[in-house]
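Peer 1: Chain by chain, the residues:
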Amino acid sequence: MIALDQVCKSYGSTPVLRGCTTAIGRGEVVVICGPSGSGKSTLIKCINGLEPYQSGSIRVDGVEVGARTTDLPKMRTRVGMVFQHFELYPHMSALDNIVLAQVHALKRKRSEAEARAQALLARVDLAEKADAYPIDLSGGQQQRVAIARALALDPEAMLFDEPTSALDPEMISEVLDVMIDLAGDGMTMAVVTHEMGFARRVADRVIFMDRGEIVEDAPKEQFFSAPKSQRAREFLSKILAH
Amino acid sequence: MPEVILKNLPFLLSGLRLTAEIALWSILGGTALGLVIGVVRHLRVPVLAQLFALYIGFVRGTPLLVMLFICYFGLPALLAYKTSAYGAAVVGFTLFIAAYLAEDIRTGLRSVRPGLAQAALATGLTRAQALRLVVVPIALRNVIPTLFNQYVRLFKFTSVASVIGVNEFTGSAMLVNGREFAPITIIGFVALTYLVLCFAISSVGRLLYARLAVRT
Chain X
1 MIALDQVCKS
11 YGSTPVLRGC
21 TTAIGRGEVV
31 VICGPSGSGK
41 STLIKCINGL
51 EPYQSGSIRV
61 DGVEVGARTT
71 DLPKMRTRVG
81 MVFQHFELYP
91 HMSALDNIVL
101 AQVHALKRKR
111 SEAEARAQAL
121 LARVDLAEKA
131 DAYPIDLSGG
141 QQQRVAIARA
151 LALDPEAMLF
161 DEPTSALDPE
171 MISEVLDVMI
181 DLAGDGMTMA
191 VVTHEMGFAR
201 RVADRVIFMD
211 RGEIVEDAPK
221 EQFFSAPKSQ
231 RAREFLSKIL
241 AH
Chain P
1 MPEVILKNLP
11 FLLSGLRLTA
21 EIALWSILGG
31 TALGLVIGVV
41 RHLRVPVLAQ
51 LFALYIGFVR
61 GTPLLVMLFI
71 CYFGLPALLA
81 YKTSAYGAAV
91 VGFTLFIAAY
101 LAEDIRTGLR
111 SVRPGLAQAA
121 LATGLTRAQA
131 LRLVVVPIAL
141 RNVIPTLFNQ
151 YVRLFKFTSV
161 ASVIGVNEFT
171 GSAMLVNGRE
181 FAPITIIGFV
191 ALTYLVLCFA
201 ISSVGRLLYA
211 RLAVRT
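One line per chain: the protein sequences are X and P, in this order.
Reading the first sequence from the start, the letters are residues 1 to 242 in my numbering.
Reading the second sequence from the start, the letters are residues 1 to 216 in my numbering.
Hints listed in this document are in silico derivations from the structure and should not be mistaken for laboratory results.
Some hints could be false.
[What the hints assert, rightly or not] If you want the footprint, here are the derived chain X segments under chain P, 3+ residues with CB under 8 Å:
1) 77 to 84
2) 110 to 121
[To be verified] Simulated restraints, written as ranges between beta carbons of each label pair:
3) 199/P to 54/X: 34 to 40 Å
4) 8/X to 66/P: 41 to 47 Å
5) 66/P to 154/X: 56 to 62 Å
[To be verified] If you only want the chain X side, here are some residues facing chain P, beta carbon under 7 Å, derived:
6) 50
7) 52
8) 54
9) 87
10) 89
11) 90
12) 137
13) 139
C-beta atoms are modelled at their ideal positions from N, C-alpha and C, and glycine is treated no differently.
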């Protein structure tokens with residue numbers, strides 16, 4: 001459903017993505033990991049057109065993301081995104097955060113959008129927080145609202161950009177549980193994360209990036225048991241050391 | 001209340017009413033124009049952003065009275081239209097305060113985390129929608145105190161309109177003083193009235209901010 005072919009991007013003369021090629025099939029869960037600055041976040045932001053790329057091709061359901069004629073807003077309603085720092089609208093209640101794009105991007109009726117938002121809040125176990133403002137929610141709760149906000153558009157795929165990196169340790173599992181549920185429902189997912197436990201549990205494939213390159217792209221069993229590259233071995237030994 | 005004030009109260013109140021009208025129209029017009037200029041400058045729209053930067057520089061570097069003269073004598077002659085002193089005052093004050101409001105609003109826009117606009121775009125909103133529904137509302141709420149400071153300034157500045165012959169509050173008070181010659185009483189009354197009304201305007205600002213401020 002998502003296909004990347006030789007994607008290159010640079011900021012001025014600094015390359016951040018160097019010929020990245022991979023594909024994510026429908027229903028597949030792919031975890032992207034790698035040291036900081038390796039281009040993981042940039043890569044998934046390219047997939048929904050939040051970051052432009054200079055060459056190569058990214059296709060979502062056959063539609064070229066970088067093409068001038070592509071209706072990016074429409075494409076983005078089909079590919080949800082969750083950010084490291086939640087990015088909930090601070091001037092709106094949790095419910096309104098989830099309603100906004102349903103009404104303005106999908107043109108749903110407000111009553112219908114609110115019902116959907118309520119159902120999603122219940123799904124992420126926050127039914128009683130509909131009227132709370134982001135500032136009054138914990139990090140884990142905010143991130144679950146953010147996931148609900150993305151799901152409200154009934155996307156076919158979800159992108160997660162380090163969804164648990166900004167959370168206190170005790171809140172990580174409540175967010176991962178929601179993501180594990182989603183994966184169980186057959187959602188297509190690309191997840192940038194350092195949560196190797198999550199990767200072992202739900203990933204179909206693991207992509208390891210370093211310095212803008214996809215160094216390793218393997219089924220998770222193979223990635224964890226016998227990484228091919230020296231760089232992936234070093235990375236794994238560092239993050240699994242303790 | 002002193003007799004000289006009581007006797008002339010209807011006349012003074014009609015002046016005060018004019019002051020309030022001029023201030024209200026200029027605040028509404030100036031805020032709308034300031035919002036447009038602030039957004040255009042924030043987005044760095046080519047050509048327009050530079051033109052507005054020039055405009056802001058011009059207003060900031062010109063005395064308010066000169067702005068009024070331009071709107072009363074200059075522009076009508078240049079563009080061949082007729083205007084009243086009242087109309088010229090509203091236009092002049094609007095153009096004047098819009099320049100300051102635009103800069104305050106731009107500051108507010110810059111204070112909104114870029115991640116919020118990205119999140120809005122990621123949910124399929126267009127750039128215009130992200131701006132209108134997320135970025136601008138947050139920016140405006142954040143700058144409510146600054147905007148109301150400007151409104152208070154403008155309210156006091158309207159007294160300058162008396163120079164181009166608008167008999168607003170200060171102007172009508174000076175006429176009364178010319179007839180009665182009781183400067184301490186009359187000017188004291190005028191000053192006190194401005195003080196109370198300015199306090200009222202900033203109180204409205206404080207109340208609005210208490211209700212609408214974005215807590216982060």
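Peer 1: Please go over all the hints and tell whether each is borne out by the structure.
Peer 2: Hint by hint, here is what the structure shows:
1. 77 to 84: holds (count 4)
2. 110 to 121: Coverage by chain P is violated for the stretch 110 to 121 of chain X (0 residues, Cβ < 8 Å).
3. 199/P to 54/X: 34 to 40 Å: For residue 199/P and residue 54/X the Cβ distance comes to about 58 Å; the hint is violated.
4. 8/X to 66/P: 41 to 47 Å: violated (56 Å)
5. 66/P to 154/X: 56 to 62 Å: This hint holds: roughly 59 Å between Cβ atoms.
6. 50: This interface hint holds because 6 Å falls under the 7 Å limit.
7. 52: violated (13 Å)
8. 54: Since chain P brings no Cβ nearer than about 20 Å to residue 54/X, farther than 7 Å, the hint is violated.
9. 87: Hint holds; residue 87/X Cβ to chain P Cβ min 4 Å, cut 7 Å.
10. 89: holds (6 Å)
11. 90: At 5 Å from the nearest chain P Cβ, residue 90/X passes the 7 Å test, so the hint holds.
12. 137: Residue 137/X check fails; min Cβ-Cβ to chain P is 12 Å, beyond 7 Å.
13. 139: violated (14 Å)
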